[in-house]
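Chemist: Starting from the known structure of chain A, arrange chain B on it as the hints suggest.
Number of protein chains: 2
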Amino acid sequence: MSLPRIAVDAMGGDEGVRVMVEGAALARRRHDQFKFLLVGDEARIRQALENHPNLRAASEILHAPDVVSGDEKPTQALRRSKTTSMGLAVDAVKQGLAGAAVSAGNTGALMAMSKLALRTMPGIDRPALAALLPTLGEHDLVMLDLGANTDCDARNLVQFAIMGAAYSRIVNGLESPRVRLLNIGTEETKGTGDLQDAAALLKRADGQLAFTFDGFTEADKLSRGDVDVVVTDGFSGNIALKAMEGAARFVADLLRRSFSSSLRSKFGFLISRPATELLKHHLDPNNHNGAVFLGLNGVVVKSHGSASALGVAHAVAVAARLLEENLTERIAADLARVGEEAIRTSGRTNGKAAVNPEVAPAAEKRA
Amino acid sequence: MSLPRIAVDAMGGDEGVRVMVEGAALARRRHDQFKFLLVGDEARIRQALENHPNLRAASEILHAPDVVSGDEKPTQALRRSKTTSMGLAVDAVKQGLAGAAVSAGNTGALMAMSKLALRTMPGIDRPALAALLPTLGEHDLVMLDLGANTDCDARNLVQFAIMGAAYSRIVNGLESPRVRLLNIGTEETKGTGDLQDAAALLKRADGQLAFTFDGFTEADKLSRGDVDVVVTDGFSGNIALKAMEGAARFVADLLRRSFSSSLRSKFGFLISRPATELLKHHLDPNNHNGAVFLGLNGVVVKSHGSASALGVAHAVAVAARLLEENLTERIAADLARVGEEAIRTSGRTNGKAAVNPEVAPAAEKRA
Chain A
1 MSLPRIAVDA MGGDEGVRVM VEGAALARRR HDQFKFLLVG DEARIRQALE
51 NHPNLRAASE ILHAPDVVSG DEKPTQALRR SKTTSMGLAV DAVKQGLAGA
101 AVSAGNTGAL MAMSKLALRT MPGIDRPALA ALLPTLGEHD LVMLDLGANT
151 DCDARNLVQF AIMGAAYSRI VNGLESPRVR LLNIGTEETK GTGDLQDAAA
201 LLKRADGQLA FTFDGFTEAD KLSRGDVDVV VTDGFSGNIA LKAMEGAARF
251 VADLLRRSFS SSLRSKFGFL ISRPATELLK HHLDPNNHNG AVFLGLNGVV
301 VKSHGSASAL GVAHAVAVAA RLLEENLTER IAADLARVGE EAIRTSGRTN
351 GKAAVNPEVA PAAEKRA
Chain B
1 MSLPRIAVDA MGGDEGVRVM VEGAALARRR HDQFKFLLVG DEARIRQALE
51 NHPNLRAASE ILHAPDVVSG DEKPTQALRR SKTTSMGLAV DAVKQGLAGA
101 AVSAGNTGAL MAMSKLALRT MPGIDRPALA ALLPTLGEHD LVMLDLGANT
151 DCDARNLVQF AIMGAAYSRI VNGLESPRVR LLNIGTEETK GTGDLQDAAA
201 LLKRADGQLA FTFDGFTEAD KLSRGDVDVV VTDGFSGNIA LKAMEGAARF
251 VADLLRRSFS SSLRSKFGFL ISRPATELLK HHLDPNNHNG AVFLGLNGVV
301 VKSHGSASAL GVAHAVAVAA RLLEENLTER IAADLARVGE EAIRTSGRTN
351 GKAAVNPEVA PAAEKRA
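Residue numbers (full-length UniProt numbering), protein chains in the order written: chain A, 1 to 367; chain B, 1 to 367.
So here's chain A without its partners, still in its complex pose:
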């Protein structure tokens, strides 16, 4: 099967063209069927390609005079869709010049441009940003939304569950992923009205779902490997993801500090190097790089701004995998299977007014 080529925003990310081109080259070395459209400053891309003849042979360059900056507001960036490397990479997907786009630039701008150019799929109100997180189990965890939507209603959450499960089935090869909603407790009465409504809808749709809905989960149980997809609004998801990143870094810092606190510990550390290397490998975000915007008419992958070439290669591989497995068609099929009705129902019970009236006003909603 011939894979559509992948548009790479060569200018995004903290280190820009060098790392992006190196990452694409690494991905290409691993999968020789990959083809690329490298978007950005033509001269600089040509120069970076000099060290990568293999990639050069598999790439075309699309010149873009402009770059979206890291702190640029999405509305500003949108106005420069036709001149920036990010805008043109996304547009290449829209025009059919590429099957997927990968960018390490400004997340908000990428989201806004992708939504405007590619539009959301029929049946999906809002796209969501999904990422893979390491667990103690056999599979990575799919978590969404990670910041694309600050406020989400029950209907959005149900759609996220369907999209996240489709993603998990593709990347983890699971037949019926176990899906949970992130909440501050597992009892039915916990959390916001939207969460309770979403849970009720998913429970009701159980027979038609391409996944198993297991109710609520709390944020300290995400790494245990007993849940495959965790669904949340973008605010909480962003907070949870960053809290986990920060805590992991904190523990690693403490470890480094305590190991260097005595000669004996230093020696112990050196001896156990293979173990700590294993740990480092498992926790290295580059090995989990590549967040996906789900729910668009096209595949867009966000590489972390500080990702290494290895990380970029990983993000490119994610994009290729989603193309190969027809992510968009898969989500469309899952949506059809549940039926419009099951999701539409939430339109009626949408928002805080829908909180179960049996539940006492305030005391019951506490953690």
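Repeated chains share a single entry, so a pair holds when one copy, or any two copies, can fit it.
Straight-line alpha carbon distances no greater than 30 Å define the calculated DSS-like cross-link-like pairs of lysine-lysine that follow:
| hint | residue 1 | residue 2 |
| --- | --- | --- |
| 1 | Lys73 | Lys203 |
| 2 | Lys73 | Lys221 |
| 3 | Lys94 | Lys35 |
| 4 | Lys35 | Lys82 |
| 5 | Lys221 | Lys203 |
| 6 | Lys94 | Lys73 |
Just so you know, these hints were derived from the structure itself, not from any lab.
Modeler: Frame of chain A, contents of chain B only:
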């Protein structure tokens, strides 16, 4: 100075009376001015006290025939305030029989009972649950709210900031703690309207505050030691706290796994035992046990349900410290200093309608 005695709910927590009494005994061994009112099943408390003559000499027992269960709804528990160990421990503070209450029972029930019996302080609309978290810096971080209030408006957040700063000044001895609001980005346009309003209010009140307001922070920056108080709504706070706990446990589990993966690693681990013990000590939640309900007319401390005797002793010491330093009066003084007006202002701009109209509807609010 003679310290008012501390009411201990002797029946709460996963292990109940044995651990609670052992914890109180440990606290008493460390601080011989501590006096206790032990609330619960009299016969079982008497029995547990047999091994702790020191504690017995400093304690009175208040019999309570009932216990609040871990999964009981707060509204149900409230009805049994007059017969349960938790209810009577809180009531003892109200009646002036004790200066503070410590319980390891059901958080929601403790919150509901404390709020009903002790009422919120003048100028405070809702109490908040605050805890201390370890950092790489010199001081622990104060974080609130951790689950007492699922939804919070700008006015609540400003009040939390004032209370959290007072707490930080007491437990960390800081003159002007650095306070930040938890958000999904540090730019002014990030997050919900309530967060943006709260930031604007705090910025405006800057001269009158007993702390320094430093704007927003993200959840991956909490352990670095460059912020002393982090303010958030109870939903996000609970998610962030649990995400950090889960991630720390995940890394520790991975570490254990990788260290036991080869004989060489095992040997290295043994040699570096002092380092890993130091790490364990730093991360042990028992060394940070004791979350505080701030904003009540009285001191109530929540010990973790699974805390050891050491953890309980820590929670008791927190309660004693807050009594000694007059937490309630301190918060009242800080509120007066800012002036009613500064906080009241948020009444007008409360909620989503107050989002800066210059900010574009959706794209700007993304992470």
